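**Q** Let the sequences and hints guide you as you build the complete structure.
Top to bottom, those sequences are chains A and B.
The first sequence runs 1 to 376 under the working numbering.
The second sequence runs 1 to 203 under the working numbering.
Possibly wrong hints are sitting among the right ones.
Listed next, the in silico DSS-like pairs over lysine-lysine satisfying Cα-Cα at most 30 angstroms (straight line) [as the list claims (entries may be wrong)]:
| hint | chain 1 | residue 1 | chain 2 | residue 2 |
| --- | --- | --- | --- | --- |
| 1 | A | K141 | B | K145 |
| 2 | A | K151 | B | K175 |
| 3 | B | K108 | A | K151 |
| 4 | A | K141 | B | K164 |
| 5 | A | K141 | B | K28 |
| 6 | A | K151 | B | K103 |
| 7 | B | K145 | A | K100 |
| 8 | B | K175 | A | K141 |
| 9 | A | K151 | B | K104 |
Just so you know, these hints were derived from the structure itself, not from any lab.
Computed from a prediction, not measured in an experiment: that's the story for all the values here.
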Amino acid sequence: MLRAVSITITISLICGSVISCTPAVPPDLLTAIEDIDHQLISIGAPHTAPDEYTAFAARWAALTVRVQTDDDLIRWPWEPNHFEDELRRLLAEGTATLAKIEERHALLRSSAESMLATLDDRLSTLSTHVSLLGNHILLGKEVTQADLLLKQARSFFAQGDYARSLSVAEQAAKTLNLQAEALTQDLQRYADSRQVARWRLMVNQTIEWSRTHRSPALIVSKVDRQLSLYENGRKISSYPVRLGYNGLKDKLVQGDGATPEGRYRVTAMKGERETPFYRALLLDYPNAEDQRRFLAAIRSGAIPQTASIGGQIEIHGMDSTGASQTLGCIMLDNQHMKTVFSRVTVGTPVTIVGALTERNHIALALTELQKQRDAG
Amino acid sequence: MKSMMHIVVFVVLIILTAAGCAKPPSDKIEAAEEAVKNAREKGANVYAPEEYAKLEGKLTALKQELAEQESKFAPFQDYGKVEELATSTAQEAAIVASAASQKKEEAKAAALQAQQVAQEAVASARDLLVNAPVGKDRAAIASIKSDIEALTASLAQVQASLDKEDYQAAQAQAKAIDEKSRAISAEIQEAMAKVKPRKRALK
Chain A
1 MLRAVSITIT ISLICGSVIS CTPAVPPDLL TAIEDIDHQL ISIGAPHTAP DEYTAFAARW
61 AALTVRVQTD DDLIRWPWEP NHFEDELRRL LAEGTATLAK IEERHALLRS SAESMLATLD
121 DRLSTLSTHV SLLGNHILLG KEVTQADLLL KQARSFFAQG DYARSLSVAE QAAKTLNLQA
181 EALTQDLQRY ADSRQVARWR LMVNQTIEWS RTHRSPALIV SKVDRQLSLY ENGRKISSYP
241 VRLGYNGLKD KLVQGDGATP EGRYRVTAMK GERETPFYRA LLLDYPNAED QRRFLAAIRS
301 GAIPQTASIG GQIEIHGMDS TGASQTLGCI MLDNQHMKTV FSRVTVGTPV TIVGALTERN
361 HIALALTELQ KQRDAG
Chain B
1 MKSMMHIVVF VVLIILTAAG CAKPPSDKIE AAEEAVKNAR EKGANVYAPE EYAKLEGKLT
61 ALKQELAEQE SKFAPFQDYG KVEELATSTA QEAAIVASAA SQKKEEAKAA ALQAQQVAQE
121 AVASARDLLV NAPVGKDRAA IASIKSDIEA LTASLAQVQA SLDKEDYQAA QAQAKAIDEK
181 SRAISAEIQE AMAKVKPRKR ALK
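**A** Set out below in structure tokens:
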């Protein structure tokens with residue numbers, strides 16, 4: 001009997017010690033949650049998904065503390081283990097949160113990457129077109145602003161903050177849209193078939209005048225950056241020209257950097273010692289039409305009352321390595337200027353137009369920019 | 001025997017009375033809450049988000065333990081763990097707050113440094129433009145003026161971000177301005193290199 005009691009006590013002690021050695025929470029469960037926590041931190045969840053991360057981490061910290069501090073960690077097998085249940089729920093929720101954040105990150109990353117590439121392309125297209133149309137058309141501040149925003153967006157992207165990168169990229173896109181709209185507004189007339197027809201008519205009339213008067217005439221197409229010399233209604237030769245830094249615009253006031261459009265005449269010829277620009281042909285800008293537009297702009301408040309109409313518009317020379325733009329004049333390489341100078345006289349008509357065809361560079365550029373805007 | 005019974009009853013009553021007097025350590029709990037709040041105010045949720053999230057967790061655990069003890073019959077209440085948690089939470093919160101403050105100061109210093117570099121780069125570009133010699137190519141240089149104006153305006157955005165304590169944005173903005181300003185300065189220098197002193201024409 002005594003032996004049976006002794007065996008029972010021994011078995012009980014063994015069972016008891018086995019049970020008492022069983023941890024209340026499986027260590028691998030804690031490790032798994034810890035791993036989820038590390039993964040959330042490594043993908044930057046505390047910064048990019050602070051609410052979700054805090055919800056997880058706060059529960060995790062709370063449970064960790066409770067597991068560590070609870071005295072009643074040793075349970076009988078039949079006792080329910082609330083901590084384990086809670087930890088398993090947290091593991092499931094943490095895993096789901098991690099998957100959700102990873103998915104969102106991947107989506108944001110892809111959207112930001114794609115948007116940055118699109119904006120790079122748009123900015124590059126805009127800059128290329130602007131460059132092709134003549135460096136430094138005064139675009140305003142938007143392009144610089146868009147460029148700065150794009151740089152910031154790239155910086156946030158590099159830091160893995162895709163949401164912020166996307167948000168800044170969207171601002172850059174809006175700024176670029178504004179710029180493209182402004183550019184379209186300024187240069188729309190190059191794509192306007194009626195305007196192009198009017199320019200063509202002016203050119204044809206000048207050529208006809210040259211033919212009937214058996215005299216030279218000069219035609220300047222701003223979009224082509226070309227000056228053509230006509231004699232007796234026949235084109236003798238064409239030369240590349242450099243225009244005002246804002247040369248594609250129609251001149252309105254002094255200092256606008258624009259090259260005027262219209263019918264002019266040579267009013268004076270300046271030889272080598274009379275001009276710092278090799279040789280020069282002074283034009284009768286502003287003519288009556290220029291003055292009418294200028295006064296109308298003053299009356300409408302488009303330009304200040306104190307504005308001046310400007311003057312001293314010339315066709316002049318410059319060595320080929322010199323300035324790439326003018327303040328509004330038409331500039332030829334010296335050798336071409338020499339030829340032109342020798343073939344014209346005071347009174348020679350000079351017709352300056354924007355474009356001669358509807359399918360000009362600007363019209364095509366505007367169409368492309370519009371397409372990009374629509375696609376963006 | 002009767003006397004012995006009296007002593008036992010007396011001792012039990014003393015124990016029960018003493019246990020019944022157990023009160024939550026309100027001052028320590030408040031101190032812990034205040035310390036966590038202070039850590040947040042010091043920017044811990046932004047500059048030490050992992051640690052701050054864990055702090056909030058400890059505060060939650062503390063409150064759960066407090067609620068559990070309060071739900072017990074008075075003689076069995078034991079606020080020892082609550083007190084221990086409150087003390088350790090307050091201590092950790094102070095460490096997190098200090099670390100967050102330091103990180104925030106570092107971010108601020110980096111942003112201010114970037115702002116200064118950007119300001120200098122813009123000023124340098126502006127000086128180049130102002131000091132560009134009068135000549136026909138002044139036209140080309142003048143057209144860059146709007147770029148510099150845009151950069152100058154953007155400097156105000158850096159300051160606005162600094163004022164909002166968004167040092168990450170301030171730094172990104174300042175770096176972009178610096179990069180752009182340097183590119184513009186190079187462009188101006190290139191344009192200036194072509195300049196030959198000539199008499200200026202009126203346009």
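**Q** Next, verify each hint and record whether it holds.
**A** Hint by hint, here is what the structure shows:
1. A/K141 to B/K145: Within the cut-off at roughly 10 angstroms; holds.
2. A/K151 to B/K175: 8 angstroms, holds
3. B/K108 to A/K151: With a Cα-Cα distance of about 20 angstroms, the restraint between B/K108 and A/K151 holds, given a limit of 30 angstroms.
4. A/K141 to B/K164: 24 angstroms, holds
5. A/K141 to B/K28: 58 angstroms, violated
6. A/K151 to B/K103: 25 angstroms, holds
7. B/K145 to A/K100: 48 angstroms, violated
8. B/K175 to A/K141: 18 angstroms, holds
9. A/K151 to B/K104: 23 angstroms, holds
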